[in-house]
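Taking the hints as your guide, dock the two standalone chains into a single complex.
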Amino acid sequence: MIAALICVISVAAFLQFFVSYCRSILASSKNIALSDRVREVTGIANQEVGADDFNRLLQLLRLCPERGDDQSEIRAVGTYYSLLAVLHRVSLPVAPRFAVWLEQERQSCSYFAAVALDRRISYSRDLFTQQISDRL
Amino acid sequence: MLGPLDYMLWIVGFLVETGVVVYLISRKQAFRYFPIAFYMLCDAFVTCGLYYCVHHFGFDSTTYIYFYYYTDSLLNILMFWVIIKFYQETFAEMGVSKYIRGAAVMLILLTAVFSYAVVHQNRSHLTSRFVVEVGQNFYFVGVVLTYLLWGAILKLHETRTRLIQLVLALGIYFSADACTYALRNLFPGLEANVLRWFPPLVGLWLPLAWAYTFAHVQEDARLEPARLLVRAR
Numbered sequence: 001m002i003a004a005l006i007c008v009i010s011v012a013a014f015l016q017f018f019v020s021y022c023r024s025i026l027a028s029s030k031n032i033a034l035s036d037r038v039r040e041v042t043g044i045a046n047q048e049v050g051a052d053d054f055n056r057l058l059q060l061l062r063l064c065p066e067r068g069d070d071q072s073e074i075r076a077v078g079t080y081y082s083l084l085a086v087l088h089r090v091s092l093p094v095a096p097r098f099a100v101w102l103e104q105e106r107q108s109c110s111y112f113a114a115v116a117l118d119r120r121i122s123y124s125r126d127l128f129t130q131q132i133s134d135r136l
Numbered sequence: 137m138l139g140p141l142d143y144m145l146w147i148v149g150f151l152v153e154t155g156v157v158v159y160l161i162s163r164k165q166a167f168r169y170f171p172i173a174f175y176m177l178c179d180a181f182v183t184c185g186l187y188y189c190v191h192h193f194g195f196d197s198t199t200y201i202y203f204y205y206y207t208d209s210l211l212n213i214l215m216f217w218v219i220i221k222f223y224q225e226t227f228a229e230m231g232v233s234k235y236i237r238g239a240a241v242m243l244i245l246l247t248a249v250f251s252y253a254v255v256h257q258n259r260s261h262l263t264s265r266f267v268v269e270v271g272q273n274f275y276f277v278g279v280v281l282t283y284l285l286w287g288a289i290l291k292l293h294e295t296r297t298r299l300i301q302l303v304l305a306l307g308i309y310f311s312a313d314a315c316t317y318a319l320r321n322l323f324p325g326l327e328a329n330v331l332r333w334f335p336p337l338v339g340l341w342l343p344l345a346w347a348y349t350f351a352h353v354q355e356d357a358r359l360e361p362a363r364l365l366v367r368a369r
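Protein sequences, first through last, are from chains A and B. Going by the working numbering, the first sequence runs without a break in its numbering and finishes at 136. Going by the working numbering, the second sequence runs without a break in its numbering and finishes at 369.
One chain only, chain B, in its complex shape (with noise of 0.2 Å):
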């Protein structure tokens, strides 16, 4: 059973998801930013699919669950080209755009593949731990590929700003949600009390983020990188 606080956690993402698109749009940055944009609105769309199957088939129906991880393996496959926006930034210099595109459309199909065989491996029990084991892997894809891009950030000096944080934000969001994933695995018993409020804050976190970054940080602010490394002094 749904309670007040499951459902301002839903207003205030779906208000947040759809402000950065509509900040993004009036300053005409939607098409710089067109994967974010478009990962934004497709959120918010699923935010409203997820209200629509809790008031019409209930919270614990099938259809709200299996709508639930469906659309959730799909937005992760939406982040993974908003990384491969990311990493088309850092890289922008060296021109290697099109091995990156190249890369990016195969790891989009090896995802869809390695999803659709999973899925049509365990259609019969889609719902038990097999989803969260699939949810996990897939946050943990994006966990490792945003590593590795920060670890490209910190080696070629990137400074933009705007672009540390973008990925920062993004960092913790792929991190904080594995682990929420690997621990509903590891201790299925604490998904009904505590686990459960993990994903939804962790939901609301990206699009605050991601705001507070376009709002607050403008596109030429500058800074030096290794400033933010934790090194002992």
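Chain A extracted, bound-state conformation (with noise of 0.2 Å):
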């Protein structure tokens, strides 16, 4: 009885902790611009980052130079954005306005993966021009 009750308890108060440090991680990118640069790179031409790019952002950010400090929290955000889209999928017809939540936060995950590009292709940019002015 006692072990079941722990473990009930346990169970909620990691999904808490899990959900917060998430958003912890999540939360320095919001307030990041996103440049021309790469508004231009991934096609979105207004300010809203679609909660369904997130695959094409993290495909994107892949053919990009990694700059090495960025893949933990590229992997936490991503298992973070699997457990959403499951959750989203299994909620829609349930609970509707749990899924608008999910939605959301599904397009913060997307946005966190658009800053990170936009990272990396300025790492990258960084990089050619350092090459051609040791060439020069």
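Don't read these hints as lab results, they were simulated from the structure. Heads up, the beta-carbon is just placed ideally off N, CA and C, and yes, glycines get one too. Accuracy of the hints is not assured; some may be wrong.
Derived pair list, reagent style EDC-like, types lysine to aspartate or glutamate, alpha-carbon separation capped at 20 Å [as the list claims (entries may be wrong)]:
no., chain 1, residue 1, chain 2, residue 2
1, A, K30, B, E360
2, A, K30, B, D356
3, B, K221, B, E355
Here chain A is said to cover these stretches of chain B; the calculated rule only asks that three of the stretch's residues, wherever they fall, bring their Cβ under 8 Å from a Cβ of chain A [claimed, not checked]:
no., region
4, 277-289
5, 299-306
6, 342-355
Next up, the structure:
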């Protein structure tokens, strides 16, 4: 009985800690505006980044040279996004209000990926500029 | 019998734990985060000790099992020290440090007395289901303490991103471990194939998450904690 109670409370606490942890990572990118360059590359015309854009942005991210310092957070957000995607699919017919919240969270994940892509593009350009100046 | 994955988890765990200690020393922050550095160092030593026990006495030996559970309990007590440090950080401006210290000493003494009493009464079957129960209780106390701390962080509008992430990572660690121990108590049959992988993976999570926080989150980074709450909009 006690073990069952501990199990239920621990799962509830785990979910709350995990969601808050992922949101603390996502929060770092929320106030960063996307550059015109990344908008051009990704085809995002307006300010809103779609919730379903995450995987496409992740593919573009993989095409850029790695910065080495963003891998772990991208992986954590990727796991969070996958969890949200599953919950979204399940909750859409059952709990539409919860599904709306999940959609907003997924959108935050996509925005995070767009910001990470922006950083990597800047990094690639810096690398390229450096190589050119070294040759000269 | 241990497989390559077990050894890989040990090696990665050891490297990340020592990595955190080296990083804190190199950044001259080891004193500021002394309980964390000390815990990570002890955890690294325990990892070496576990390897030694497996190598010399075998995975199924009593020595290994005793070593595993005793060091797990000791590390848990050390982890309470880390939580106390976080409490002190959170309540620093309120000047209640000496009360927290007093409460910490009481808590550690109570935990030690409780553990001694339980161990003394169950010497004959320490390696049976009893140890799982004690582990479960220790981790659950950790969950409760971390949850209260998280509540205090939200209530006091604590904005230090580093502290927030360190506490949240700890909360994930404690709740995942408490849940695993509770499941082991509820379904002992799952232990051999499924649940045996959870403690090493969760054990790897904590040094990885803390290493990430120390390396990527600046000391002066700020965050609005209300943003992290799940609320219906």
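To see whether the hints hold, each was checked on the structure:
1. A threshold of 20 Å between alpha carbons decides the hint, and for K30/A with E360/B the separation of about 12 Å falls inside it, so the pair holds.
2. Taken as a hint, the K30/A and D356/B pair is honoured in the structure, with Cα atoms around 18 Å apart against an allowance of 20 Å.
3. Simply put, K221/B and E355/B have alpha-carbon atoms about 16 Å apart, close enough for the 20 Å limit, and the pair holds.
4. Remark: the region 277-289 of chain B is confirmed as covered by chain A, as 4 of its residues place a Cβ nearer than 8 Å to a Cβ of that chain, reaching the required three.
5. Given a C-beta distance limit of less than 8 Å, the hint that chain A covers the region 299-306 of chain B holds, as 4 residues qualify and 3 suffice.
6. Remark: the region 342-355 of chain B is confirmed as covered by chain A, as 5 of its residues place a Cβ nearer than 8 Å to a Cβ of that chain, reaching the required three.
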